[in-house]
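Visitor: Here is what each chain is made of, one letter per residue.
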Amino acid sequence: MAEHEGTAAADRPVSTLRMVRTLYGSRLRSQASFRASFLADLLGQVLIVGTEFLELWVILTQVETLGGMTLPQVAVVYGLGALAFGIGDLFFGEIDGLSAQIRSGRLETLLIRPVPLLLQISSLDLSLRRLGRILVGLAMYATALGLAGFSPTPATLLLAALAPLAGALLFGALFTMAGALQFWLVDGREFANAFTYGGNYVATTPGAVFALPMRAFFTFVIPATLIAYAPALALLDLPGPALIPTWAGWLGLPAALLAWALALTLWRGGVRRYTGAGG
Amino acid sequence: MPAHGRIAAAAFRQHSTYRLATAAGVFTNTVFGLIRASILFAAIGTAGGELGGYTMLQAATYVWLGQALLAPIEAFGTREVSQRVHQGDIAVDLLRPVDLLTLHYAQKLGRAGFLVLARGLPPLAVGALVTGLALPEDPLSYLLGAVSLLLAITVAFLADMMVNLVAFWLVETRGLTVVYTATMNLLSGFLIPIVWFPDWLLAIARATPFPSMIQTPIDTLSGRVPPLEALGLMGVQLGWTALLAVAAWAMLRAGVRSVEVQGG
Numbered sequence: 047m048a049e050h051e052g053t054a055a056a057d058r059p060v061s062t063l064r065m066v067r068t069l070y071g072s073r074l075r076s077q078a079s080f081r082a083s084f085l086a087d088l089l090g091q092v093l094i095v096g097t098e099f100l101e102l103w104v105i106l107t108q109v110e111t112l113g114g115m116t117l118p119q120v121a122v123v124y125g126l127g128a129l130a131f132g133i134g135d136l137f138f139g140e141i142d143g144l145s146a147q148i149r150s151g152r153l154e155t156l157l158i159r160p161v162p163l164l165l166q167i168s169s170l171d172l173s174l175r176r177l178g179r180i181l182v183g184l185a186m187y188a189t190a191l192g193l194a195g196f197s198p199t200p201a202t203l204l205l206a207a208l209a210p211l212a213g214a215l216l217f218g219a220l221f222t223m224a225g226a227l228q229f230w231l232v233d234g235r236e237f238a239n240a241f242t243y244g245g246n247y248v249a250t251t252p253g254a255v256f257a258l259p260m261r262a263f264f265t266f267v268i269p270a271t272l273i274a275y276a277p278a279l280a281l282l283d284l285p286g287p288a289l290i291p292t293w294a295g296w297l298g299l300p301a302a303l304l305a306w307a308l309a310l311t312l313w314r315g316g317v318r319r320y321t322g323a324g325g
Numbered sequence: 155m156p157a158h159g160r161i162a163a164a165a166f167r168q169h170s171t172y173r174l175a176t177a178a179g180v181f182t183n184t185v186f187g188l189i190r191a192s193i194l195f196a197a198i199g200t201a202g203g204e205l206g207g208y209t210m211l212q213a214a215t216y217v218w219l220g221q222a223l224l225a226p227i228e229a230f231g232t233r234e235v236s237q238r239v240h241q242g243d244i245a246v247d248l249l250r251p252v253d254l255l256t257l258h259y260a261q262k263l264g265r266a267g268f269l270v271l272a273r274g275l276p277p278l279a280v281g282a283l284v285t286g287l288a289l290p291e292d293p294l295s296y297l298l299g300a301v302s303l304l305l306a307i308t309v310a311f312l313a314d315m316m317v318n319l320v321a322f323w324l325v326e327t328r329g330l331t332v333v334y335t336a337t338m339n340l341l342s343g344f345l346i347p348i349v350w351f352p353d354w355l356l357a358i359a360r361a362t363p364f365p366s367m368i369q370t371p372i373d374t375l376s377g378r379v380p381p382l383e384a385l386g387l388m389g390v391q392l393g394w395t396a397l398l399a400v401a402a403w404a405m406l407r408a409g410v411r412s413v414e415v416q417g418g
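If you read the protein sequences in the order shown, they are chains A and B.
Heads up, the first sequence is in this note's numbering, so the first residue is 47 and it goes up one at a time.
Heads up, the second sequence is in this note's numbering, so the first residue is 155 and it goes up one at a time.
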């Protein structure tokens, strides 16, 4: 394989893989040079995850269950959701800042480069601080699974490993859609936040707390409940509420693929429609 | 003083031009309100209709007032002043004939005035339709609520300004802003009412200015706290205003003395 790539590289200017490596490598090196600031950022991310979970924890000191789930079970949902969002945010979190790129005219610079736009934007501010959320999410997910009585079988182990990745893909698609939307609504960045950050809020919450219309919206339109809540039901073998049966835990990956098909269509439509910010 | 009035009016007008951004903000605040209300309703439902002194209707009111006040109070912090320090533009600001803190305070009040109307009232209207609101009958509660809101905006402004002014000493303050915002959102009672906290966390929250920024104006405006008790809480707000004003002013003076602006 390596040799084939070597000869191919002589024909083509740069392979996509090499491009990805160069782009991300330069971002990582530039961030490693501001160590104190990086540590503060990392701590900040850990603290955000902590205070968000504290909200659920405080509620569960007052009542036995929330949406039918005990504290360890809620922690599985929260940890898995935070892990998936963290990975999605690491790679695609900057796309929703597209309107700033458009307004400042920087998008033109990116468009004339021979590198796919989506790749450039997603690597613009690949922030390692986002590792904070990923690490806390992963630790909480693994610990809570143990405490909540997870019984490993080949199928549940596969789901446990697959779920964070499917969730990250889903969040990535949501971020890309949010970015694409800004080709049409330059001032409307916050609309997108309702679906990206709002989706994160829903994903990290036991889905049974939502009344039916909201639960339907966040399952069939924005599939946020399929990111962590439904997989947690399947992993812990818990019965689901109306509209979210236990087997829906396996629907994350198909939903992510569907969402990406839609996101890429929207993105291409947006780029084609873009006529520049003048200048 | 007339200069400050004009600055505030200009800030009000400036923000009223971003119509699509305002609509987007209202939409997002409303979606988050629905999610937050769902979580609290589920908890109160499990507890049997009342939890920590909050009924369903009171919890709904608490959520919708919180969503309405989020934008005017700027609960997620601002970065403008720290960026001006960072880029050296602060030198220009310091040459102006208007004091830096009161200049930004006037801008904040103008902005907040617009945001209360444009970002605050629509989520409240949605809340009234979807979940209902428990609003006070006593007209005095509205008057006290308005004063308490003004004090909350002032306390939040001063604390946020202090975080921004740290830029005089630190090269990069983004991490600090994130830490401050996370702490504020929890301890101010924005995420959950502070009376639901376990005692140790409640004691920590009460020792900070954060409840004065969100919990106090919500309690006063919703009439959940009777007027006499509200007056006591507003006294606490006044105390924090005075303390933070002195601290922010001292920070600005020390910062100006240490600042080194390059270029010419």
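Simulated from the structure, these hints should not be mistaken for laboratory data.
This structure is a prediction, so every number in the text was calculated from the model and none was measured.
Every residue, glycine too, gets a C-beta built ideally from N, C-alpha and C.
It cannot be assumed that every hint is accurate.
A short list of chain B residues far from chain A (calculated; beta carbon distances all over 12 Å) [claimed, not checked]:
id, residue
1, 178
2, 189
3, 232
4, 293
5, 296
6, 340
7, 385
8, 393
Part of the chain A face toward chain B, derived, beta carbon under 10 Å [as the list claims (entries may be wrong)]:
id, residue
9, 201
10, 202
11, 203
12, 204
13, 208
14, 234
15, 256
Visitor: With reference to the structure, classify each hint as holding or not holding.
Guide: We went through each hint and held it up to the structure:
no., hint, result
1, 178, "violated (4 Å)"
2, 189, "violated (5 Å)"
3, 232, "holds (16 Å)"
4, 293, "holds (33 Å)"
5, 296, "holds (29 Å)"
6, 340, "violated (4 Å)"
7, 385, "holds (28 Å)"
8, 393, "holds (25 Å)"
9, 201, "violated (30 Å)"
10, 202, "violated (27 Å)"
11, 203, "violated (31 Å)"
12, 204, "violated (31 Å)"
13, 208, "violated (26 Å)"
14, 234, "holds (4 Å)"
15, 256, "holds (5 Å)"
The structure fails hints 1, 2, 6, 9, 10, 11, 12 and 13 (numbered hints given earlier, in ascending order).
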